[in-house]
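For chain X, the structure is supplied; the task is to place chains D and C on it using the hints.
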Amino acid sequence: MMAAPARLEPPRPPEDTAFPPPPEWDVLQFDGSDRALTDTLLAPLRGVGRTWWTLFVLSALGTLLFAFTITYTIAKGIGTWGNNIPVAWAFAITNFVWWIGIGHAGTFISAFLLLLNQHWRASINRVAEAMTIFALMNAGLFPILHLGRPWFFYWLIPYPATMGVWPNFKSALPWDIAAVTTYLTVSILFWYAGLVPDLATARDHAASTFRRRVYGIFALGWRGSNTAWRQHRIAMVLLAGLATPLVVSVHSVVSLDFSIAQLPGWHSTIFPPYFVVGAIYSGFAMVLLLILPLRWAYGLEHIITKRHLDAMAKLTLVMALLLTYAYVVELFVSWYSQDPSERFTYFVERPRGAYAVFYWIMITCNVIVPQIFWWKRFRTSVGVLFAAGAAILIGMWLERFIIIVTSLDRSFLASSWHLYRPTWVDFGLLFGSLGQFGLLFLLFVRFVPFVAISEVKRLRHDLKANDGRELGLPHA
Amino acid sequence: MPALFPRWTNGVARGSLLALVLLAAGVPAGLMLWVRTSYATGEHAQITQPVPFDHRIHSHALRVDCRYCHATAELAASAGLPPTAACVGCHNSVLLASAPLAPIRASLTSNKPIAWRRVNALPDFVFFNHSIHLAKGIGCESCHGRVDQMGQVAQASSMSMGWCLDCHRNPVSHVRPRSEITAIGWDAAHRGPANDSLRVRLAHDYHVQSLTNCSTCHR
Amino acid sequence: MMSDRPRSHRDLALSRREFIHLAGASLALAGLDGCTRMPAEHILPYVDNRPELTPGVGEYYATAMSLDGVATGLIVESHSGRPTKIEGNPEHPASLGASGPLEQASLLQLYDPDRARFARSQSTPTSWEVLAAQLAPAALRPRVGARGAGLHVLIEPTSSLLDEELLARVIESHPDAHIYMYAPLVGDRGAHGIVTHYDISAADVIVALDADFLSSGPFHLRYARQFADKRRLAQPTDAMNRLYTIESGFTPTGAAADHRFAVRPSDVAGIARSLQSALNGGTAGPPWLAAMARDLRAHAGRSVVIAGEHQSNSVRALADSINDAIGATSRITWRAPTPLIGEHVPVHSLTELVAALRTRAVDTLIIVGGNPSYATPAPFDFSVLLRSVPNSGYVGLYENETARDVRWFVPMSHYLESWGDTRAYDGTVSIVQPLVNPLYRSTTSAEVYAALAGMGLVGSYDLLRSSWKRRGNAEAAWGDALQRGFVAGTQFARAESEGRGSTVEGPGSRVAATSNPIDVLFVADPKVHDGSFANNGWLQELPAPLTQLTWNNAALLSPTTARRLGVGNGVHIALTSNARHIELPALIVPGHADDTVTVHFGYGRAGAESLARGVGANAYDLWPSTGVRFLSDVAITVSSKTSALALAQTQETMEVREPVRHATLDEYRAAPSRVGRRPGRALSLYPEIPASERSATQWAMTIDLATCIGCGGCVVACQAENNIPIVGASEVRNAREMQWLRIDRYFAQRETEVEALLQPMLCQHCEKAPCEYVCPVQATTHSNDGLNEMVYNRCVGTRFCSNNCPYKVRRFNWFDYNKHLSDTEMMAKNPNVTVRERGVMEKCTFCVQRIREAGIAAGREDRPLRGTDVRTACQQACPTNAIVFGSLNEPDSEMVRRREQPRSYAALDDLGTEPRVRYLARIRNTNSEIAGAKHDGGAR
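Going down the list, the protein sequences come from chains X, D and C. If you read the first sequence in numbering that gives the first Met the number 0, its first letter stands for residue 0, the second for the next number, and so on. If you read the second sequence in numbering that gives the first Met the number 0, its first letter stands for residue 0, the second for the next number, and so on. If you read the third sequence in numbering that gives the first Met the number 0, its first letter stands for residue 0, the second for the next number, and so on.
Hints listed in this document are in silico derivations from the structure and should not be mistaken for laboratory results. Here the structure is a predicted model, which is why all the values come from computation and not from measurement. It is possible that part of the hints are untrue.
What the hints assert, rightly or not - Listed next, with one range per pair, are the computed distances between beta-carbon atoms: (1) D:S178 <-> C:R862: 17 to 25 Å; (2) C:Q133 <-> X:Y71: 53 to 61 Å; (3) X:L114 <-> D:L19: 35 to 43 Å; (4) X:M162 <-> D:G191: 29 to 37 Å; (5) C:A475 <-> D:H206: 40 to 48 Å; (6) D:L19 <-> X:M162: 28 to 36 Å; (7) C:E40 <-> D:G191: 36 to 44 Å; (8) D:L19 <-> X:R34: 32 to 40 Å; (9) C:H580 <-> X:V56: 53 to 61 Å; (10) D:R190 <-> C:A475: 57 to 65 Å; (11) D:L21 <-> X:I187: 14 to 22 Å; (12) X:T268 <-> D:S209: 33 to 41 Å.
Stated by the list, open to error - Simulated coverage check for chain X against chain C, where a stretch passes if three residues somewhere in it have a Cβ under 8 Å from a Cβ of chain C: (13) 58-67; (14) 135-148; (15) 164-172; (16) 268-281.
Even glycine gets a Cβ: it sits at the ideal position worked out from N, Cα and C.
The following block holds chain X by itself, in its conformation from the complex (with noise of 0.2 Å):
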């Protein structure tokens, strides 16, 4: 990966260098000089419409409504809530997992693609790095909310305490800590070092001072040499080398948390791949639910070409294919194992009992929904890629309430059985996460350049340089 400076320094040209009309399917058919694109990307930042507004408005809500209902299980208790024994976990993890799992995809298509040399990514990385961190925003929240005493999260942090104790190390959540914290961690350094030039870019571009000064601080006097080019470079591909294998740890962590216990359910080997998958999964969902109206509101198309469409639309189609084997999988498993409670689990409580009208949603939001991306129409028709998208979100959030409390209200002993009946706090928690995502996304947007302006602009000199040729993309 760390190829000659030379070639991944292409000498500047000029700025009216006209470039050649791109092909119908090219991974960028922007046909301007490179001001115009800059102009193009920077658009947003100069000011933006009433659809944003509105959507602002309504995110700004959602957020309020997040506020009140976190206000409130804190002064009153988790009790607020519709949890009870046996169904200890529901909505909040349901909701922690469903939001990590998001997360992941921006990292695969940042980090992972980058180092598979996927030069298409650049169009789209920056809106999948800015998802993921929010994201894990919310995902981070949900476990400490979900403590019976919050104020007392910090003992599943190891530290020299006065108690003379430790947290459990065979546990799984003080692991699950450290992986999210790292993930987050990790993920704000990368996208913000992808940043930097933008944001010099939006400096240099920005109408006035005061502007100026804002992007100029966050820029962090970038001046483009050479030399801070070749080191941003190097910066970026060693970060996305950190940040690759979180997208394989962190979610089998998670999974730990379930796979770890003896439920019929949840006691099995098969978990950390396949949450891992369903977590890229449903972020390819998140991804193109947040990239399509991008695309649309400011007429990308030429950036974020069908091309894109396509790709992704792929990937989800792998991603359907792998998590539907993992269902399998666990179907044998269970069938193989004799075991009287993981039969009832998976072949009576599930497909028969009182949240079968979930599973069967979930089964064919994850399972068929994505099956027409067989074909090529439906891979590049926005309407059928943003519908798709949706169904798998919410496909993706209720495989993780199926897996919790199908498992939970149903465990070994009838007499503790119980179902589990969600309060208007537990909505109010579920809607309000996402006001909140919706809310950080908008801002974003309005600005922070949420296309990498100079990996585009990089990636457009590369093409030429290669006369056209592919880079990395195979054929459609």
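Quick look at chains D and C alone, frame taken from chain X:
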């Protein structure tokens, strides 16, 4: 076009980066240090009692045994505070009329107890039992310090869980003969390896074990 | 355990102020909040020396509680002058060391914040002293006439010698005055009542004719113990008694039965007749009846028929003659005088009082105890009649329905606050000694009678001592009586057999037509009794035996009947009988008799008791007259209303797993090993605790499912011992009840019979505990003496432990359940157990506070701790000794011997959790002649 920032801001930028790192490391470290200070533990905190009872006089000068006032130390969980009657037991002849003893007179006449202020307070979820510690040869001094040198009794140790565990994990080094339970200064007089053998023998005789079950103290 | 020397009242004399001080101080010690910050605390020592009281060390006093006038001997634990726990008195004939839910929960009643605190006349506050003056004969005669014809006194059933003596004096000063005795569940009995006694330990075959003799009625604790002692089965070859239960509802006696036949109440009489004829070779009745009769005859001299307390004379007479025929009379059952008063003072029945009230002959009516305005048959209109009495007074614990109808009211002392005496069912006299001075300005029945008799204001202690002397007791005997809790040798001699003629005036039933569509059966509630315990949270939240219902009463009916009526659980049905009707939710109980609805008394209270008010429906509104056991002319209409029942357990069967193993005695003998332990998982990833670190005592528990009758005594005992909060109906509905020990109930169909499988379920203290390794902060760990410890103050509340607990015995503080407790309720808390705050897990600890206290005591005395030094609260309460606790390292102990029986097993043993709790499979001694006896049993 003029420079966006004056030159001096470079220093600020670097400095703030450094500050960021220090902050991240410093705040937790600071907190961990703070909880170990005597401010946080209440160690040596001066507590004024309704009656200026001076242990230097009673315990040191007059050699009154701890158990004369803290009568239930060997029998029960709490060492107990003397009933007013116990004070009057001696003071009906001595100084009862004196001003400092006014609360005692008041208590006698009104039949209301004297409200002493607690010095060694453990959280309510800690069940400490004096009697078993004395029975196993752990002296008052080991926890309460040189009470005989305190005008106002103060907490002599951090009383943190870690502090309890230090002894519970290695009790032998604190064992003394049962006869010397209330002897203050015994540890000072018998420090050193010479007495380790003695302590080991006593620990064996008294069946002293290292008890670190949670329910030893938390029930 | 008991303190070593006799108690004199002076030892207990604490001024109220001082008591509150002490309480305050001990509360401060007791750990009443989990807060880690240290508030500035004060220590309040005594003013004078109190050699008998050591702060923080429990004291034990003997006393007795009477229910419906009959005594159960108790030992009460007290801390710094506040009673905190009630146990049975091992020496007392009615207790034998055991105690039921009501005895256990009566402690909470003492501290009930709803108790009446002030005397009043009309609505103006007054004092007992003032009222007492108005009750003096001189003051009263102008009202009630020279011979006191206008004076009427209604008292709750009592067996107190003191009360009887004082009442006799009242009659002396008012010769024409009338004394009435009434409680809804005590049938009107003639002045010279004779009651039936049984020696269950002498019976090998028992037929219970609609008799719940194991869990209700006088002496049930004793009977349960005797019953269980004949079913221990140390060896598979051991003998075992056999119990046939014929009943309508499902009672613990039915659950304990080897054969249970559900019949309509109106058929019981017929069954009794058929049984008698079958014994004489007749062939009437169902086939099982003949087999049962043969069994009775085969065990002549060792078999007995027990007819229910509330059966009609005819049924009881039949039972008597059957017992004569099978040689049970005088060997296994005999007659003795009732302990209730009436011998030295004429006592009349409620019906007579009602008649008098209707004729306006009553000028002054003084009601002592009970709650007649609520707990009387609706047709009596007692409440209305009472309001018409010119001068009416009530002495009671609460400002209840009756208090509302009278002119003046005086708070009554709780039995833990008062001096008195009472008699057990067999006549044994107990001294009732107070554990604490009255919390409020209350008085006792004796003091009221003394005032009426013109003795002025005399304390009940002095009254008791003087009557003690008058009865010619030695002064020395007093101390002994106080310490032992009863006066030895005071039980009655057996009554002569001709006493048979005047049988107890047992109630009958109205129109027992056989063609009637449906029977409605009235029974005492196992929890709130006749309603007098309705304000007791521990009892309201105690899952009712077999139905698992809390915080409500319901119309219990069989699945068939429910299907016929088209109702499901919670659907309201209205019961109408001559123009009176009540509406209450249906609850389906497998094994309940068809075409029968069981309704429990004691609910639908409307007094000033905050917990009781509005809970359930009032069955007295349908009750035609005292003593009626069931109604046969009831119209049932299904209402459109439904309400969610607060059921502690919703599943009826064991479903996927088989936590309860069961077999018939024949199967067990045929293949003992098939019933009991099976190889658990051999391999484990858990590290073993090295032998060097294991302590000498390794705690464990064995629970015998063959003798557990599911009475619930252990559940309340655990609640009292471990400061377990109550959470209320809505929380129970959401499966958030907090009891550490629950009694799981599963039904199993065996051809015609429905069998109930009961299993006390508590923390199993697994050696390989799934909860321990998932806790992120080591809040639940393993002790070196084999306990699965729960450290509340370390718990952050992830609830992972509960998710991973296969037995789901962990409880979570969803809210701060102790926040709103009154000061008095706080005094009921055990100072040796942390009161848990919001957001922490809790669970059974094997009463670790007792274990550690015992260990400390042993350490102080420099002796090794023995497993037998510790008895858990549940073990102590259990009437059948089904629960034994001890150390695995003592092979000679009962606990170990039991768990080495072939039928011992660990619940869900295939999970490899290796619990320290072992169960003994339920064995039923079925009669091979009866169809349904042969079934697959538990062992397959």
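Hints and how they fare:
1. D:S178 <-> C:R862: 17 to 25 Å: Holds - the Cβ-Cβ distance for D:S178 and C:R862, about 20 Å, lies within 17 to 25 Å.
2. C:Q133 <-> X:Y71: 53 to 61 Å: holds (56 Å)
3. X:L114 <-> D:L19: 35 to 43 Å: With Cβ atoms ~28 Å apart, the hint is violated.
4. X:M162 <-> D:G191: 29 to 37 Å: holds (31 Å)
5. C:A475 <-> D:H206: 40 to 48 Å: holds (42 Å)
6. D:L19 <-> X:M162: 28 to 36 Å: 30 Å Cβ-Cβ, so the 28 to 36 Å window holds.
7. C:E40 <-> D:G191: 36 to 44 Å: Since the Cβ atoms of C:E40 and D:G191 sit about 39 Å apart, the hinted range of 36 to 44 Å holds.
8. D:L19 <-> X:R34: 32 to 40 Å: Check passed, 35 Å falls within 32 to 40 Å.
9. C:H580 <-> X:V56: 53 to 61 Å: About 57 Å separates the Cβ atoms of C:H580 and X:V56, which means 53 to 61 Å holds.
10. D:R190 <-> C:A475: 57 to 65 Å: holds (58 Å)
11. D:L21 <-> X:I187: 14 to 22 Å: Given about 19 Å between the Cβ atoms, the range holds.
12. X:T268 <-> D:S209: 33 to 41 Å: holds (39 Å)
13. 58-67: Violated: only 0 residues of the segment 58-67 of chain X have a Cβ under 8 Å from chain C.
14. 135-148: holds (count 4)
15. 164-172: It holds: at least three residues are needed, and the segment 164-172 of chain X offers 8 whose Cβ sits within less than 8 Å of chain C.
16. 268-281: violated (count 0)
When held up to the earlier numbered hints, the structure conflicts with 3, 13, 16 and fits the remainder.
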